[in-house]
Amino acid sequence: MSLRSGKHLPRRRARRNAALRRRSWGAKGGHELNFEKSRAGWRRPPMARKLRLEYPGACYHVINRGNYRQNVFEAKGAAEAFEQCLAEICVRSAWVVHAYVIMRNHFHLAVETPQANLSEGMKWLQGTWALRFNRFHGVGGRPFQGRYKALHVEPGHAMGQVAHYIHLNPVRAKVVAGEKLGEFRWSSLWWFLRRKERPDWLCAETFLAEAGGLSDTPAGWRKYGEYLAVLAETMPSKREERFGQMSRGWALGTKEFKRELVRQITQRGADLEQMALLGDTQDGLRHLREICWEERLQQVAKLVAIDLSKLGPRKSDPGKVQLAAVMKAAMPVSNGWLCERLGMGTPASVSQFVRRWLLEPGKQKLKTRWVAALSKLNS
Numbered sequence: 001m002s003l004r005s006g007k008h009l010p011r012r013r014a015r016r017n018a019a020l021r022r023r024s025w026g027a028k029g030g031h032e033l034n035f036e037k038s039r040a041g042w043r044r045p046p047m048a049r050k051l052r053l054e055y056p057g058a059c060y061h062v063i064n065r066g067n068y069r070q071n072v073f074e075a076k077g078a079a080e081a082f083e084q085c086l087a088e089i090c091v092r093s094a095w096v097v098h099a100y101v102i103m104r105n106h107f108h109l110a111v112e113t114p115q116a117n118l119s120e121g122m123k124w125l126q127g128t129w130a131l132r133f134n135r136f137h138g139v140g141g142r143p144f145q146g147r148y149k150a151l152h153v154e155p156g157h158a159m160g161q162v163a164h165y166i167h168l169n170p171v172r173a174k175v176v177a178g179e180k181l182g183e184f185r186w187s188s189l190w191w192f193l194r195r196k197e198r199p200d201w202l203c204a205e206t207f208l209a210e211a212g213g214l215s216d217t218p219a220g221w222r223k224y225g226e227y228l229a230v231l232a233e234t235m236p237s238k239r240e241e242r243f244g245q246m247s248r249g250w251a252l253g254t255k256e257f258k259r260e261l262v263r264q265i266t267q268r269g270a271d272l273e274q275m276a277l278l279g280d281t282q283d284g285l286r287h288l289r290e291i292c293w294e295e296r297l298q299q300v301a302k303l304v305a306i307d308l309s310k311l312g313p314r315k316s317d318p319g320k321v322q323l324a325a326v327m328k329a330a331m332p333v334s335n336g337w338l339c340e341r342l343g344m345g346t347p348a349s350v351s352q353f354v355r356r357w358l359l360e361p362g363k364q365k366l367k368t369r370w371v372a373a374l375s376k377l378n379s
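Residue numbers (this note's numbering): 1 to 379.
Among the clues, some could well be false.
Distance condition first, Cα-Cα at most 30 Å in a straight line; then the derived BS3-like pairs of lysine-lysine [as the list claims (entries may be wrong)]:
hint	residue 1	residue 2
1	328	255
2	328	310
3	123	258
The following label-pair restraints were derived from C-beta to C-beta distances [to be verified]:
hint	residue 1	residue 2	range
4	175	146	38 to 44 Å
5	128	264	52 to 58 Å
6	146	256	53 to 59 Å
Calculated from the structure, these hints are not laboratory results.
All of these numbers come straight from a predicted model, not from anything done at the bench.
Ideal Cβ positions, reconstructed from N, Cα and C, are used throughout, including at glycine.
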């Protein structure tokens, strides 16, 4: 028999091949995934890129790792060269860096972009460093695992929290002890503690203010070191849970800040499917969808002249049912969110109330007219 039949393959490989064949179809069958043919065989097409919202003054937490999580910054001169490239792009692009750290296999940046040029600047930063790295070491290929990750950060408290998280990375990775954090060379904290040598593009005001209104003085930096030591030592489980959120999701800040981001994105023509690319975790995706649904609900309420604050207590209140009917027709909103947001009982009751309402004379045409008006409003 031919080995291509798979009957003589090891069991593990045969199971893997069978799983790959099953995965080429949808979970319920009948929906073929879009595969492309290449010289190496069949492969999935590249995933769509995540949206990048850029505007003057936008702040980001930027992260990227070495390809295959390799320790790219352990090579001779690698971290120093990256720091030099960062200094150059900050001058070229007028960036303000609130914190950065260069670890063995990844880096973190807390950066503010007065000129709305994150993508352009990151392309230059990573590309220039990779070119210099490959040339110095006589190698080829890409040192980073792919496109960088950038989380939107609300200025003020959220940006201060991100800066603390970045400065504590060497302690969390057990590279240095908490009391020697200021001695870690490849961190912005190294320069913040050396005021006379500090580059102009570094800014300490935000995280010093968030740490208790500390001053940019030797006494203030001693207190900041004590503050970081407390963060590093107290309640490690809760600390890790909170700090873990600094690298996940799509935005860090208040609900109002995230709603404003969603509003800006939708005004630029992005639909819910495109916006879903922002949420890289299930929690982030769910939260993003809920923000989109809330924004649309406010539009629908204004369109049909219903005051959301004056809805009746009944689960089948006519105003609630009208809102639910238009929402379900205008976008793929979940019954679970509608029943919780509008107080309509259970998810099943939402569909039941809407179905009964649409059977009433003239309601189908009314719903269609409202959906058309809503679509025109968002076009």
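Against the structure, the hints:
Restraint check for residue 328 and residue 255: the C-alpha separation of about 24 Å stays at or below 30 Å, so the hint holds. For the suggested pair residue 328 and residue 310, the alpha carbons sit about 21 Å apart, so the restraint of at most 30 Å is met. Of the pairs offered as hints, the one joining residue 123 and residue 258 holds, with about 26 Å between alpha carbons and a cut-off of 30 Å not exceeded. The hint said 38 to 44 Å for the Cβ distance between residue 175 and residue 146, and at roughly 25 Å that hint is violated.
Distance hint check for residue 128 and residue 264: the Cβ-Cβ separation is about 30 Å, which falls outside the suggested range of 52 to 58 Å. The supplied range of 53 to 59 Å is broken by residue 146 and residue 256, whose beta-carbon atoms lie about 32 Å from each other.
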